[in-house]
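Number of protein chains: 2
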Amino acid sequence: MGGDNRNSSKKPILIVGLCCMDIVNFVDKYPEEDSDTRVFEQTTCLGGNAANSITVLHQLEANCELFASLPKNNSILKTLIHNAGFNIERCLEREDCEVPVSTVIANRTNGTRTILHYRGSMPELSCEEFIAAYADRINQYGWIHFEGRNFDEVAKMMTYVLSHRKNEYPKISVELEKVRPYPYFEQLVPQPNVVFMSKDFARAQGWNSMSEAVLSFQSKYISANLAIICPWGDQGVAGRESPSSSLIIQQAFTPEIVMDTLGAGDCFLGACLYYLNGEHNLQTVLEKASQIAGKKCGMKGLTNLDLHSFVAH
Amino acid sequence: MGGDNRNSSKKPILIVGLCCMDIVNFVDKYPEEDSDTRVFEQTTCLGGNAANSITVLHQLEANCELFASLPKNNSILKTLIHNAGFNIERCLEREDCEVPVSTVIANRTNGTRTILHYRGSMPELSCEEFIAAYADRINQYGWIHFEGRNFDEVAKMMTYVLSHRKNEYPKISVELEKVRPYPYFEQLVPQPNVVFMSKDFARAQGWNSMSEAVLSFQSKYISANLAIICPWGDQGVAGRESPSSSLIIQQAFTPEIVMDTLGAGDCFLGACLYYLNGEHNLQTVLEKASQIAGKKCGMKGLTNLDLHSFVAH
Chain Y
1 MGGDNRNSSK KPILIVGLCC MDIVNFVDKY PEEDSDTRVF EQTTCLGGNA ANSITVLHQL
61 EANCELFASL PKNNSILKTL IHNAGFNIER CLEREDCEVP VSTVIANRTN GTRTILHYRG
121 SMPELSCEEF IAAYADRINQ YGWIHFEGRN FDEVAKMMTY VLSHRKNEYP KISVELEKVR
181 PYPYFEQLVP QPNVVFMSKD FARAQGWNSM SEAVLSFQSK YISANLAIIC PWGDQGVAGR
241 ESPSSSLIIQ QAFTPEIVMD TLGAGDCFLG ACLYYLNGEH NLQTVLEKAS QIAGKKCGMK
301 GLTNLDLHSF VAH
Chain S
1 MGGDNRNSSK KPILIVGLCC MDIVNFVDKY PEEDSDTRVF EQTTCLGGNA ANSITVLHQL
61 EANCELFASL PKNNSILKTL IHNAGFNIER CLEREDCEVP VSTVIANRTN GTRTILHYRG
121 SMPELSCEEF IAAYADRINQ YGWIHFEGRN FDEVAKMMTY VLSHRKNEYP KISVELEKVR
181 PYPYFEQLVP QPNVVFMSKD FARAQGWNSM SEAVLSFQSK YISANLAIIC PWGDQGVAGR
241 ESPSSSLIIQ QAFTPEIVMD TLGAGDCFLG ACLYYLNGEH NLQTVLEKAS QIAGKKCGMK
301 GLTNLDLHSF VAH
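Those sequence lines, one after another, are chains Y and S. The numbering of the first sequence is my numbering, which starts it at 1 and goes up by one. The numbering of the second sequence is my numbering, which starts it at 1 and goes up by one.
One chain only, chain Y, in its complex shape (with noise of 0.2 Å):
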């Protein structure tokens, strides 16, 4: 970060991880159990974080590019999917197989998101598959961030690439979101330039807020290279580009009237790849990304965000 490296902020940005489907139910009352409940309205989206974050990203008009597992024989999410334009040339098509769905019971009056997830039948990606898209080009790519699932194979996915790319390119990220045992997660955490931690990530860990959150990963995982970037919902985010750096605190930009919260932590991740790989310093990263995911809460949806204002010409 910092530094103003015009080709890089040319070259394209990879997400590798999962596009799902998100059945949206929007009810007035969370229902009680064994009752009947009238879902006003209903809403069949991409879902997935890597699917989402990359929504937002075309929308940046970023050159960017998905790397997921997608089933052959599924045509509504095929819809999705063409009707979100981004691209999944190197996808990898499974056969006979369920895609994983995310059930949301939405609540109007109240604003939760229920989220029941099923997996699917899908198999995750190998870094085998990873390997064979991607062994001759990893040194096209600006930045290449990986969801944090599936984590032996992403953990190998970053020790193929931080030992094969080029003058420190392409930068890498991941994403801790769930919450898993520490094994899991350590793998990872020494490789990439960059860690997004999620608030119920940093609560498994005993960190109650966003500042501690950030101050105590690095002063756990030292790593000179390490920047965090830790989003708390509505009361902003909190980052440093590493132990030396300044923390920095940027409030949320909450719209008057909150529409759908679902995938905005999604949203704020992708726009802070948009300008992580345009190479601006982490404060110019989180004020923006702030912004994009607080016009996304007072909008339905991600696919129409209307983000010409934040593309940088």
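One or more of the hints may lead you astray.
Since the list can't tell identical chains apart, any single copy or any two copies may satisfy a pair.
[What the hints assert, rightly or not] Calculated cross-link-like contacts (lysine-lysine; reagent style BS3-like; alpha-carbon spacing at most 30 Å):
no., residue 1, residue 2
1, 29, 166
2, 199, 29
3, 295, 220
4, 295, 156
5, 166, 300
6, 220, 72
7, 72, 29
8, 220, 166
9, 11, 29
10, 78, 220
11, 156, 220
What the hints contain is simulated information worked out from the structure, not anything from laboratory work. This structure is a prediction, so every number in the text was calculated from the model and none was measured.
Given the coordinates of chain Y, assemble chain S onto it according to the supplied hints.
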């Protein structure tokens, strides 16, 4: 009922009602609001009372047919209907509409079924459409059953059948399941030969047992030829052919292990129609249909019930 009219028993059964999609999510614990829960198994299956009942009739090798609205562009639903195998030749395909979807949270620990029903945007059937499809063939049917929804149009369809049928065939039945204010369902009551009344419907009238429901309903809406059937879950079913007949109480055939109760009521109703159309008396109807519904509760889903031993040859 009673009598022995072999000709009539061979005539087809028509069911008029809803075909929708059920997405069933199996969990180990009912989700708390605003939490993330893992779904262990998810199945997408046909739903809608009419579609469920005809799925069972088809397995009883009945000559049967569904009249429903179907979405033109929903490949999942088309595949499900194709696999179920029943006759949809006169169903109406609707353009550009969303199919109704019931999202079900099935708690494997205590057997509860929490249903979130989304109505979609698929137009209901109109009486005009019913007449266009069936005016020249009403008298070919032995029985026409109407799902108790879309009340105004269904009342007109029932009136049409009554005024155009010959020698009291086809017989007609209606299911009063949903809890609605009186004016909606009272228009349906005097017309049919058989009323199916749900437990929820009965309770909303202030009737607290299946026997009370049958007796009270018949004394309130007195009609010499109106039979009532009131299933009451695992307590069994009560029925009476007419206000001058004996009250029949049939216990449920609860399987040793209850696997899945979703659609059991629709299964029971379909089985009743089969024996009603076969001109069996009410005692036989309720006994056989209860056996079939009990068998269903011991199995997952509605499509592979293995009902060969129940088929009348």
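Quiz item: When the hints from earlier in the document are held up against this structure, which numbers fail?
Solution: 1, 3, 4, 5, 6, 7, 9, 10
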